[in-house]
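> Protein sequences, first through last, are from chains A and H.
Just so we're aligned, residue 656 is where the first sequence starts under my numbering, counting upward by one.
Just so we're aligned, residue 484 is where the second sequence starts under my numbering, counting upward by one.
These are computed hints drawn from the structure, not numbers from a lab.
One thing to keep in mind: the hints can contain errors.
To be verified - Taking beta-carbon pairs under 10 angstroms as the criterion, some of the chain A residues facing chain H (in silico):
{"id": "1", "residue": "683"}
{"id": "2", "residue": "704"}
{"id": "3", "residue": "765"}
{"id": "4", "residue": "766"}
{"id": "5", "residue": "780"}
{"id": "6", "residue": "785"}
{"id": "7", "residue": "860"}
{"id": "8", "residue": "879"}
{"id": "9", "residue": "882"}
{"id": "10", "residue": "885"}
{"id": "11", "residue": "887"}
{"id": "12", "residue": "902"}
Here the structure is a predicted model, which is why all the values come from computation and not from measurement.
Just so it is clear, CB atoms sit at the ideal spot from N, CA and C, and this is done for glycine as well.
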Amino acid sequence: MSEGIIGGRAPVIQGWSKYTERAAPLLIVIALIILWDASTRFGWVNPRSISNPAAVASLVWEWLVSGFIFRHFGITLFEVAVGYVLGTLFGMFLAFMFHLFPVVERVLQTPVALLNAIPRTILAPFMVLLFGFGVLPKILLVVLVVFIITLMNLIAGLREVDPAVVNNARVMGGSRADLIRYVYTPASLVWIVTAMRISVGHAFTAAIVCELVGSQEGLGWIIATGQTALKADWVMAGLFYASVIVVAIDRFVLSPLERKGAHWRVF
Amino acid sequence: MIGFIERWIVVVIFIGGWELASRSGFIDVFLLSRPSSIANRIYDWALSGELAMHTWTTVQEAVAGFCIGATIGVMTGLWCGLNRHASSALVPIMTVFNALPKLAFAPLLVAWLGFGMESKIALSSLVVFVFVFFGVFSGIRNGDKVIVANAQVLGGRGWPMFRHVFLPSAIGWIMASLRLSIAYAFAAAVIAEYLGSGRGLGFLIVYNKEMLDMTGVFSGLVVVTAIVGGLDIMLRRVTAITAPFNGGGRVERAT
Chain A
656 MSEGIIGGRA PVIQGWSKYT ERAAPLLIVI ALIILWDAST RFGWVNPRSI SNPAAVASLV
716 WEWLVSGFIF RHFGITLFEV AVGYVLGTLF GMFLAFMFHL FPVVERVLQT PVALLNAIPR
776 TILAPFMVLL FGFGVLPKIL LVVLVVFIIT LMNLIAGLRE VDPAVVNNAR VMGGSRADLI
836 RYVYTPASLV WIVTAMRISV GHAFTAAIVC ELVGSQEGLG WIIATGQTAL KADWVMAGLF
896 YASVIVVAID RFVLSPLERK GAHWRVF
Chain H
484 MIGFIERWIV VVIFIGGWEL ASRSGFIDVF LLSRPSSIAN RIYDWALSGE LAMHTWTTVQ
544 EAVAGFCIGA TIGVMTGLWC GLNRHASSAL VPIMTVFNAL PKLAFAPLLV AWLGFGMESK
604 IALSSLVVFV FVFFGVFSGI RNGDKVIVAN AQVLGGRGWP MFRHVFLPSA IGWIMASLRL
664 SIAYAFAAAV IAEYLGSGRG LGFLIVYNKE MLDMTGVFSG LVVVTAIVGG LDIMLRRVTA
724 ITAPFNGGGR VERAT
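Generate the whole structure from the sequences, applying the supplied hints.
Next comes the structure, spelled out in structure tokens:
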């Protein structure tokens, strides 16, 4: 059991070629889909509650062809994008305030700790009741979720900035603005990117949960409508699209950005 | 004393300002309620036994979900951390799974497992499982490579290797992931209750939302927050017990 632990990636594993290793996860997924199909076919599970792979696949295709999905996709993406940008900016701003003005940290640490301790997504019904069924409550919930993650990460990041660099910059006559511009911002870039990567999944979850609780459009609305109308294929296809977008953004935007970000780590 | 005032002043001003603003009619009580009505409502619920019933339901769901999810998470995490075949087959799937908006699966589970406690336990354990899995897996994988290599050269294998090398280096990660996931367990249970249930704190909140009763919504949220916050503080104390083990890797290296 201990073999192969050292050295990160062993090129060859006994008995397993590189291809087997690549194929194994794929085979498991295919097996799960077959199991899903079989379970409804043989009546192990009521097909009305989890639909079946063929029905979901055809619905996914139909929505894509008819363009039905794009409107809802767009709404959710809009909520997440606006909330995400505002949340990240606000979190950055507050983290810098915390770091540069100790009095801000002393006064605000309790409210922030309280906000950090509670699961923010459960605030969805509150947001919907207060701000209605439009996009505003979703955006605000996303802002809240993203802002806390950014703030917590960035506070930790700013503490890690080498004090020698800060002191040197001060000795050379750097003002507070110079410190922010030339020391803290470049040093904390990598932490901001990490926070962005962590928060994107949470942001989508928050937007979709808020849509589930009360909305008129968006991916969460599709899922909720499927649930109330007892259309399991709608729920499944909606979840499929929600999952695809989150995984795609993580894979193709934020992962590469984070890998690149590792080089930005200047000091 | 000054430190204490500094720490709580914003919270006190916020609650006091809210109470005053609602009493003076500056903000709409119907829309934003007021702290004293919320406290009153919670007190009423406590007297009528409603609070205990709903809280107990949610606590059962979250704790059951946490236990199931944590057990499976620790086991598969250890398996993938220690066995290369398992990790190459499962970790890519788990990585994708980790990125999914899992709480959005609540309607599916409610449709599948019904309005009872099963669907809430299922969502809770799903969320906890993924979180704990990565905590345990990273804990094992991020152990000091030098120590692992040395122990292997010295003939370390099997149980003693696990007991004296992998476990000490991973225990901090495992404990942290278990502590953090209890909040997720509650969030998942409450959100699954939003999407269909007959009792529980999530039901209480969403019921009051449908009644357009903001005081009820706030009261429910306060109760959930208090429980999760209280558990977090308690678990911080408990996990502090394992703290001496956290530096195990570094200590051994220094000698």
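> Return the status of the interface hint for residue 885 of chain A: holds when the least beta-carbon distance to chain H is below 10 angstroms, violated otherwise.
7 angstroms, holds
> Under 10 angstroms, Cβ to Cβ, is where residue 902 of chain A needs to be relative to chain H, so tell me if that hint holds or is violated.
5 angstroms, holds
> Per the CB criterion, is residue 780 of chain A less than 10 angstroms away from chain H?
Hint holds; residue 780 of chain A Cβ to chain H Cβ min 4 angstroms, cut 10 angstroms.
> With a cut-off of 10 angstroms, does the beta carbon of residue 887 of chain A approach a beta carbon of chain H closely enough for the hint to hold?
6 angstroms, holds
> Would you settle whether the hint for residue 683 of chain A is holds or violated, based on the nearest Cβ-Cβ distance to chain H being less than 10 angstroms?
6 angstroms, holds
> Minimum Cβ distance from residue 785 of chain A to chain H below 10 angstroms?
With Cβ-Cβ at 7 angstroms, under 10 angstroms, it holds.
> Is the shortest C-beta separation between residue 860 of chain A and chain H less than 10 angstroms?
At 4 angstroms from the nearest chain H Cβ, residue 860 of chain A passes the 10 angstroms test, so the hint holds.
> Can residue 766 of chain A be said to touch chain H, with a Cβ gap under 10 angstroms?
5 angstroms, holds
> Does residue 882 of chain A pass the interface check with chain H, least Cβ-Cβ distance below 10 angstroms?
4 angstroms, holds
> Under 10 angstroms, Cβ to Cβ, is where residue 704 of chain A needs to be relative to chain H, so tell me if that hint holds or is violated.
4 angstroms, holds
> Would the hint on residue 879 of chain A stand, with a C-beta cut-off of 10 angstroms toward chain H?
6 angstroms, holds
> Hint check: is the beta carbon of residue 765 of chain A less than 10 angstroms from a beta carbon of chain H?
OK, holds: residue 765 of chain A within 10 angstroms of chain H, min 5 angstroms.
When each numbered hint is compared with the structure, no violation occurs for any of them.
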